[in-house]
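Chains as they are written, first to last, in my numbering: chain A, 1 to 198; chain B, 1001 to 1198.
Read the hints as simulated data drawn from the structure, not as lab findings. C-beta atoms are modelled at their ideal positions from N, C-alpha and C, and glycine is treated no differently. Keep in mind that a hint or two might mislead.
As the list claims (entries may be wrong) - Chain B stretches covered by chain A per the calculated footprint, using a threshold of three residues with CB under 8 angstroms from any CB of chain A:
hint, stretch
1, 1029-1037
2, 1089-1100
3, 1118-1130
4, 1137-1150
Claimed, not checked - No more than 25 angstroms apart at the CA atoms, straight line, and that leaves these computed lysine-lysine pairs for BS3-like:
hint, chain 1, residue 1, chain 2, residue 2
5, B, K1197, A, K83
6, A, K66, A, K118
7, A, K85, A, K177
8, B, K1197, A, K188
9, A, K197, B, K1140
2 protein chains.
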Amino acid sequence: MSAKVQDQDTENLIKETAKRIFFGEGRFNATTQEIADAAGVNRTLINYYFRSRDKLFEIVFQDAQKCEDEMTKLIIFSDLPLKEKLAKHLDMFFEQTKQYPYLEIYMVTQMNQGNCYKDPEMMSTMLGKFYDEIEAEMDKGTIIRMRPEQFALNFISLASFPTSMRPLLEPTMGFTKEQFDTLLEERKDIILDTLFKQ
Amino acid sequence: MSAKVQDQDTENLIKETAKRIFFGEGRFNATTQEIADAAGVNRTLINYYFRSRDKLFEIVFQDAQKCEDEMTKLIIFSDLPLKEKLAKHLDMFFEQTKQYPYLEIYMVTQMNQGNCYKDPEMMSTMLGKFYDEIEAEMDKGTIIRMRPEQFALNFISLASFPTSMRPLLEPTMGFTKEQFDTLLEERKDIILDTLFKQ
DNA sequence: ACTTTAGCTGACATATTTGTTTAACTTTTT
DNA sequence: AAAAAGTTAAACAAATATGTCAGCTAAAGT
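Please work from the sequences and hints to get the whole structure.
Quick look at the structure:
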């Protein structure tokens, strides 16, 4: 039993380290040796626990993706008014992308290579519900009229882009790490103000 | 002389092919053989013209980046009112990202690995001018008040995200290629309507 | 205390990719 | 026609990364 505990420990250590290197630092081409070094374990342990580098990557990827999806589901299906729902999603999202800023970017490069794990069923259910709520707000006049898909795109753009492109934006716009953090903290309100009529 | 022309042709053919594979198709790990095959030339020609795969990549990358920068400069320093300036930038930008959707994403992964070629001098000049114009619009009351950096982030987010994340968004949101194209074409007006008060 | 076994390691074999070299062949230039 | 530049093919060396395997170690079970 406690053998299994130790197993879990090392296996998990490798997994978490790989996740950090891949999606926290954006080093998608990191070698098994680099991952092993970062985790402080022998390289062959990666093969021992995960068979191959590809499998490790796959597991880590699906892991991170599932985590994000669960949260999104939880918020979307909550009974809050739309604006509060979005506010909550922003909180969660900023937290998540702070830890793994490169996850979305990686998903983009993989999606077109056929490595996709999104559940289209769930996705369309969630989007449908989301679109309905957006239309209702437009009827109420709290947001300007447009196709709900466009509103959804606006929201996800305003939320995702600054975090997922941070490594590019921060130096390009001449910010220090601290300044950019401040900027991001202010963004939650900015985004809601931009999306909803004042 | 015409030897040089032929030289230019093949050299350019390789360059353009590599650019397409890297930043058009997002296959950042494409081998020299794959590039040569796609260009219909012998693999060793890549070494002949560019010494190494890395040099080729570097040249192609800087090339694409310079192209984008030139356009941006041209528009930013034009004498149009802000809203029209942004409209023009959107036109240019959608055109560019349609051709090389993966360019920005790649820049993100490279920026933090130290491979950065942005001119900070020029950047801060452009941003300064941009911020001033934004403040002027806020004074006029055509956009809601916020730090100009936030407005800039809003703009670049709304413009960039849907195109640079297209490979992810299109299937996730359940669009066909045609539907997504339509969506993007509508976006120019949507973005301006979202950023400026009605 | 002894055996078993999971966890772990070093060495090796293999595959992939890259860059170089040499020799031929073609086209262009002189 | 000769020379030069462009191009291809084949062969090779070197580097890098990956996966396997036999065997070692230390903890768990008996």
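### Query
Okay, which hints does this one fail, numbers in order?
Result: hints 1, 2, 7 break, sorted rising.
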